[in-house]
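Asker: Hey, can you work out the whole structure from these sequences and the hints?
2 protein chains.
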Amino acid sequence: MALDQKIADRLRRNPDGLVPAIVQQHDTGEVLMLAWMDDEALHRTLTTGRATYWSRSRGEYWVKGDTSGHVQWVRHVALDCDGDTVLLKVDQVGAACHTGDRTCFDADVLDAHVAGADGA
Amino acid sequence: MALDQKIADRLRRNPDGLVPAIVQQHDTGEVLMLAWMDDEALHRTLTTGRATYWSRSRGEYWVKGDTSGHVQWVRHVALDCDGDTVLLKVDQVGAACHTGDRTCFDADVLDAHVAGADGA
Numbered sequence: 001m002a003l004d005q006k007i008a009d010r011l012r013r014n015p016d017g018l019v020p021a022i023v024q025q026h027d028t029g030e031v032l033m034l035a036w037m038d039d040e041a042l043h044r045t046l047t048t049g050r051a052t053y054w055s056r057s058r059g060e061y062w063v064k065g066d067t068s069g070h071v072q073w074v075r076h077v078a079l080d081c082d083g084d085t086v087l088l089k090v091d092q093v094g095a096a097c098h099t100g101d102r103t104c105f106d107a108d109v110l111d112a113h114v115a116g117a118d119g120a
Numbered sequence: 001m002a003l004d005q006k007i008a009d010r011l012r013r014n015p016d017g018l019v020p021a022i023v024q025q026h027d028t029g030e031v032l033m034l035a036w037m038d039d040e041a042l043h044r045t046l047t048t049g050r051a052t053y054w055s056r057s058r059g060e061y062w063v064k065g066d067t068s069g070h071v072q073w074v075r076h077v078a079l080d081c082d083g084d085t086v087l088l089k090v091d092q093v094g095a096a097c098h099t100g101d102r103t104c105f106d107a108d109v110l111d112a113h114v115a116g117a118d119g120a
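Those protein sequences? They're chains A and B, same order as listed. My numbering puts the first residue of the first sequence at 1, with every later residue one more than the last. My numbering puts the first residue of the second sequence at 1, with every later residue one more than the last.
A portion of the hints provided could be inaccurate.
All copies of an identical chain are treated as equivalent in the list; a pair is satisfied when it fits inside any one copy or across any two copies.
Okay, derived cross-link-like pairs now, SDA-like style, lysine to any residue, Cα gap no bigger than 25 Å in a straight line [as the list claims (entries may be wrong)]:
#1 Lys6 x Val71
#2 Lys6 x Asp106
#3 Lys6 x Asp111
#4 Lys6 x Arg50
#5 Lys6 x Leu110
#6 Lys6 x Leu18
#7 Lys6 x Cys81
#8 Lys6 x Ala107
#9 Lys6 x Val109
#10 Lys6 x His98
#11 Lys6 x His70
#12 Lys6 x Ala115
#13 Lys6 x Arg58
#14 Lys6 x His113
It is worth saying that the hints were derived from the structure and are not from the lab.
Answerer: In structure tokens form, the structure reads like this:
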């Protein structure tokens with residue numbers, strides 16, 4: 001079995017055949033990480049209930065949690081308006097980040113000028 | 001002025017010199033869209049209070065809301081653990097998506113098999 005043809009027809013992949021997947025904790029809304037999927041990784045994610053990516057560094061499919069135990073149970077999957085990004089809502093077991101942090105965005109907050117519509 | 005050198009040193013860009021930016025509504029946690037930044041777009045985002053991207057289709061900087069009025073006021077900016085993704089929390093005015101939807105992920109929800117740790 002392969003990815004449903006109607007979904008495959010809507011996907012817009014980068015030159016490596018991949019789309020970015022934004023991974024979000026389904027109930028708290030935390031953005032956990034960004035990973036990459038090809039058609040097969042998306043197919044497995046949709047059909048197995050386990051978030052599955054293409055590891056660019058290792059060059060292989062990566063079922064999140066198979067090594068670490070930090071499984072991502074799939075709750076909701078959507079494509080964006082032009083089919084070039086996946087939003088994946090999951091139930092994350094333990095830490096999403098390989099550093100042990102809950103999310104990959106916890107450790108490196110940048111100083112930003114914060115302005116508002118009131119000009120503050 | 002250019003992007004702070006210590007930040008630039010941590011960025012890991014794709015072959016086009018870009019990193020993906022996940023854009024999230026700061027209070028509700030909604031993931032609004034994904035866009036792309038080069039060093040200059042990140043610098044402008046950090047220093048002006050307005051979310052600023054590199055438009056790959058138009059080949060120019062894109063200050064979100066300049067045309068549509070759907071401004072994104074910057075609230076929080078972070079890099080991920082390996083410096084190849086930005087998480088941008090904003091206060092979104094109106095619709096984030098050019099289709100008029102609140103987010104770019106509202107219209108194309110995929111059927112997914114949902115399983116849980118209990119095997120359900």
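Asker: Run every hint past the structure and note whether it holds.
Answerer: Evaluation of the provided hints:
1. Lys6 x Val71: For Lys6 and Val71, neither the intra-copy (28 Å) nor the inter-copy (34 Å) Cα distance is at most 25 Å.
2. Lys6 x Asp106: Only across copies: Lys6 and Asp106 sit 18 Å apart there, 37 Å inside one copy, limit 25 Å.
3. Lys6 x Asp111: For Lys6 and Asp111, only the inter-copy Cα distance (12 Å) is at most 25 Å; the intra-copy one is 43 Å.
4. Lys6 x Arg50: within (22 Å within a copy, 37 Å between copies)
5. Lys6 x Leu110: Between. Shortest inter-copy distance 11 Å satisfies the 25 Å Cα cut-off; intra-copy 40 Å does not.
6. Lys6 x Leu18: within (17 Å within a copy, 30 Å between copies)
7. Lys6 x Cys81: Within one copy only: 15 Å inside a chain, 35 Å across chains, cut-off 25 Å.
8. Lys6 x Ala107: Result: close only across copies, 15 Å inter versus 39 Å intra.
9. Lys6 x Val109: between (39 Å within a copy, 13 Å between copies)
10. Lys6 x His98: Classified as between; 23 Å across copies, 34 Å inside a copy.
11. Lys6 x His70: Neither way: Lys6 and His70 sit 31 Å apart in one copy and 31 Å across, limit 25 Å.
12. Lys6 x Ala115: between (43 Å within a copy, 23 Å between copies)
13. Lys6 x Arg58: neither (29 Å within a copy, 28 Å between copies)
14. Lys6 x His113: between (43 Å within a copy, 17 Å between copies)
Going through the hint list in order, the structure does not satisfy hints 1, 11 and 13.
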